[in-house]
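Peer 1: Can you join these two chains into the complex? Each is in its own frame, and there are hints to help.
So the chains spell out like this:
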Amino acid sequence: MIGVATLTGAWLTFTSVQIGDAAGGADARSTAEVVSIEQERTDASVRVAAESAAVAQYRVMLAEADVIDGLPVDGLDTDAREDESRIRRSLAENFRIVSFDPAFLEGEGADATYDTAGRIDALLRQNQTVAQMDPEATAAAAQRDHGRSVRLVGWVGALVAVVGLLSLAELVESRTRPPLVLISLVGFVVIVVLALGTVRGVA
Amino acid sequence: VTAAEDTTAAPDSDARAKKVIAVMVVAVTFLGAWVAYLSSGVGAQGAVVVRDAEQASIVAMSERAAASARFTGALAAYNETQNARLRSTLADTEHVTLREAAAEREARAWAEAEHRLDSVSPLLADDRYRPDIDGQFAFDYWLDELEPATAATLREAALQETADDLGAKAARYTTILTFLAVALALLGLSLALSGRLRLYLIAPALLIVAGCVVALVGVITGAVRHTPQEAVAAAAKGQTLISTKDPQGALASFEAALSERSDYPEALLGRALARMLQASPDSGNYFLTVLDEEVLASASQDYAAAIEAGAEASPQLLGSYGDLLFRSGDYEGAEEQTRAALDLNDQIPSLWLNLGVQLAAQGRHDESERAYQTTIGLLEARPDPFERQATYESARSDLEILVQLEPEQREFATQMQQELTATETESRLDEPLTDPLPEGAIRNLKMTFEPSFITMTFAAPDLAEGAHLSWIWYFRDDETQPWQQRPQSNLFETFGQTDNSSSDFGEEFYQSLSDPCSDGGMYRLDLYSEGELILQQEAERPASTSDALTDYYDPIGGYSLCHPASWDADERPGALTLAAPDDAGSFVIRSAPIPSEYDRVGKSQLEQVAVHSLAEGLGALTTGSPRPVTYGFEQGRRQQLVGGGWVWAAASREGVLRTIVVDPAADSDVVAEILRSIVFSAAY
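As you go down the protein sequences, you meet chains A and B in turn. Residue numbering for the first sequence follows the working numbering, starting at 1 and increasing by one per position. Residue numbering for the second sequence follows the working numbering, starting at 204 and increasing by one per position.
Treat the hints as calculated values from the structure; they're not laboratory data. Every residue gets a Cβ at the ideal spot worked out from N, C-alpha and C, and that includes glycine. A few of these clues could be false.
[Claimed, not checked] Computed footprint of chain A on chain B, listed as stretches where at least three residues anywhere in the stretch have a Cβ under 8 Å from a Cβ of chain A: (1) 260 to 266; (2) 273 to 280; (3) 300 to 312; (4) 315 to 327.
If we strip away everything but chain B, and leave its shape as in the complex, we get (with noise of 0.2 Å):
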């Protein structure tokens, strides 16, 4: 009885298991379907995204070709203008210098045409755009019009990302799914099999369905990132705003964009670049100089941020970040994330140069010139010589920078110098270097500040033709920074032979170098004599009298000066105006070519004519007689006027005349600092 029983009791048992085996591949298979219509929805979703980013990719593609077309056109119609422009203004100097009537009449005949055709260009039309004599405000209207382009671009990275992440989680989804197909299989195999061996099939199918039902939830819940309209279009304008130079601007934007989504790379990356522009003492030039501890901390985690929240990790950012480390102090960090850059791509020589100064920080000598000799190598096969120039420059600066955080390292870095120098010199002369001038060679230099130059004068009895010098400068607004090096301002002298080469005025010997419009500061100079360091000297600008100077040039009037920033300019091709703040003086400077009807007049006598007809405009009585007095290398005449102010006139033998009229308001020492600064050059 117990046998039989037993033999109806295991078929029962049986198919009960059955049963329930077959109630999981039911709840499976039903599992499998809903992952299935969620990977389906998923995917549907991730189509939709990447066709937008296509969309957005075509829109930007379109936008930047439209903007260049719309920027090249108005520019040609400002162009077109400019005839009108310049006759207005040489009839003008013509009628206010030389007291002509008709040149009165035709000044305001050709004002008029010019005021009618302001609504040629947006470039005269639109209040935004003042014309300017250097063309930045053309360049601010191009990244204007740019700027749709650039949110277009935004959009469609930001849509990329978006299709990354819904990509990702199909693909999740299709995993799950399979590892279910596998559960599946699993139990149904179990059916063929009967007793414990049944169990060894059912446990890991049901520890599979366990282990997909918490990933399902992982990544039902696992966030997508999408970034708002609104904070595209804010990191488009913070990005517009960097390129005018406007950190402050730009950072409010990135953090307008931040707070629409606050780990939106681009914008965190902005974020960092516009707060280190903002504390770069020099951030006119493309030098980032920022030491500033709390800033370098902000804008290393925002990069952290940004790479953490998926910004595209290539070589610019990559070494970018680990510039930001060095300067932090972290060089280890620093030498991993330009390794890293190094890894994506070794021909860049600017990563090799941070590399060496990396190594160097970290006292690993031999490593770090390895990498310095590295990137001479890559450099000099580089074919723009401009961009030789640059990476010469930001390495000496680097090395600064190195002895600023590390002054122990000082000696390696003036090795390092020397030898960028030494190549940069024979590259730059096209000449192999010889014998180098003793220490002491160069003897009593004195280096004298004008707004927009120095001159050099030294005494070096063993100069001899050939010899090949390098000046390299370094300038610092104060101790606390460390030397940086300006663009372009490096001399490198064949002496006697090239056109830069110092004048040798038997005891004495000249040099000079342009230098911009400068608001004091501290300034060092590298004398090196074939590629060795032979004279080290520092010296310092007073400050200027103004809070901030500006550079000025026309090419077309032939002047160049430095005026302050604070005062308004009315940039005319001949004629420049300046007004102070508030109406507390203003100083006009004008130049035209002398009409042939004065051809027979003499220079001293068209010198008077001129600065009678000036005084007579102003409506001032004159005062004593026209002394002689030369501003910017030109010789002229210069009537005081009563009440304070003057006039100045100087006939070229070129046939230019070029005048200057002070109001009394204005303050004397900037008025000084300004006549100091003209430089007169060839004109019309």
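Excised from the complex, chain A in its bound form (with noise of 0.2 Å):
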């Protein structure tokens, strides 16, 4: 019986181990995951609000259009006035078209606005691989493979108390040898389906 509990013994610290690792792997998964959205966040942060200000320019060049077209006739050359206000228009197109996404445009003309967050959450979603990353619950798994890790070690310990109870049979007389032997086989058995439970993550 000792021979039995021991190489149990042996066995749950080799598991123990096994989880270990397994769960220190999940640490650096979870680690890497967040390297991968905190890169993807700072290209999207960044890349938005360069888009921001092509989005100031677009707006400014709207606004002076309109200022343009509204000011008064005396004293300005009507047709320059005109070309000037249509070159503004024109660069404000171009920047609509070539600098930012205008589906993420609020309103109209100069006082549209951009949607910096939807754009933002937009960039995250276009990369799958990162979109379906969830570092939170890779550092949760990781969690519970520690947890199993350090209750097996705890069984084991309770094995080592069992060979214990087994050697002090050895030890003592045979009357008391028995209710001793007892003990150390139920405890056995409860140790041994507690642990299996713990390998295969229910206890």
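Peer 2: Here's what the structure looks like:
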């Protein structure tokens, strides 16, 4: 019985180390996922900040064109004024096409605003691999594995106690031996059942 | 029979002993298994915390990059709107100064455009950021954006601290396990021996086990440092507020952090800094001039507590602590900390500088001088001229603190200041120094204080071209404070050759120095010729009419002035409107290019038109005729208005029209102070 308990303890120790390794791997995976997500988020922030500046230019051009259109005629060359206004509007249109995503413009003309939060979300969703990452879930799984690994070490400790009881049974007088062996046996069975539950992730 | 009994008794007693030893082996093994379990638990906890710390570090980097991007974007967007803002102001100025109807419509149109563009940038849309001319509002925005990154960095540091503690705990469990293994080995070996010999192995084994049990209790009950998220957030806020020069707000934040964790090193160090900033009379500058014993004592306590609680012992931290102890008068403690900092990095000039002054305070002049020589050697090898300049200023200020603390060290302090100034002069002017002017060669030196500058006139018959003069300025609020240097307030000139050279008006020489808007105080000038002190003179700037004056500089409109900090300032390029609290008067200064249609109109006539337009715009009647008055070295015309107010206009030869409008309710003394501070410069 001592041999069986010792072998079981060795197997549980080996399993604990394996689960601990898996937990370490999950920790590393979670960190790698955070790196990927943060990289993507930084890229998106930089890009949207540049787009916001372009939107500002777009709105300023339109606002200036509106001002030029509304200026008093006296003292100004009407053709030159119209040209100025047209150039600004053309430039603004060009900006709208190439410098940002007009789908995220809310409102019209110089009063339009850019939905930066929505745009960042959209950019983050574009990379499917990153979008599917969930570092918190991975970290939670790692945490669970760490817990299982530690609990298994606990069961090994309990098996040591069983081995201790069996050793005592070997040393004590023959009439006190049966209860000690019985207790050890029951303890061994309970420990093995609970340890198996821990290995399978249910205890 | 007796012999037979003895032979049967011996194996029985040996068997009993073996049984006891076997029980002990089982007990120690079980204890070891339990320790292994505890160690495994702590190890797993540590792994999780290390992972979280790594992730916090990544988030901090990412937050910082994102904050930079947002700041750049917001600033770029803000800059885009400046055309509309400037045009709106200029058209408005043209309207109010020249009563041009077209200009009024244009001003309205641009103002409307400006308003429409408010949502373009958070710098315009967010009420917390009120655009000012020197960009402080943008800096505030940047610091606010940076706060999450600061919090993430602090969180990483806090988690690392927890991970370190858990690692140390796991290492202690491993040590206990190792000792238990030794005890097991001894017990096992004892089974192979008999009689008294066995005891020699069992006794130490039991002693080891007992020691392990005691150690185990210590390790289990030993605390692991943990910083609550609330403490981290409050400390991050405190650091932001320190940067925005709000020591009071920062102090409250650090106190809040300490209420969550009383030995949080970041909060302790932050609280110390906030208290010192709050108590520094000249905290607007980068020097901490605090000498208040109570403040220094509490700051020292915080530093000591932070170091005790595990703050990373960097050269900067130990150097600052040493400086703090020096100001508190604990020179030996200061020297100990500074030397500890130098052990970590002996290439930092400011640490040698601190050591020099700390040794001088103990009267160890030879050692102090060597430390100053090392400082100079390291400093002159540094590539950044601003760092060199700031360190020389700091060195002279520290020596003044020394004099304040230990008046008998004045002579040595003066000697060191002279050595520092001679080296700095040679380095700044890049010329070798020659024979100095004799003492008394500079006579009748008079200092005149204007709100934003100081002028000096003096007689110097022997002053010849090529002479090297160093004008070293010190400032203090009152005699209880040590003299301190203000950043970049010194002048180094090669007479007749450098741009900042004193002007020669025959009998008299003239030199001037720009000075931040000051509320009064004591000034001291140390004048050096060829690096030797030839004159020392003190003067007192009269107290300002206002409680506090603040600087204002408009590079577009081309003017600078000082105004009361309590007056509300609407800062626009080319126009500044100052309003006294409780509507008690206003002061408006404007500057705009003269429209081309006025090219043929004479200066005097244009000024006449402007002062009458301004009066008309106010709906006020004029009284008397306009008279020539000069403000900011610009001559113009001032028109008195019925009821007490007045308007002023000056058309410059460079084609810029400058105007001032003063409300009758405005305090005339304050207005006079503002007017005296105005300096017009190139515009548009």
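Peer 1: Could you check the structure against the hints above and give me the numbers of any it violates, in ascending order?
Peer 2: The structure conflicts with no hint, since it agrees with every one listed earlier.
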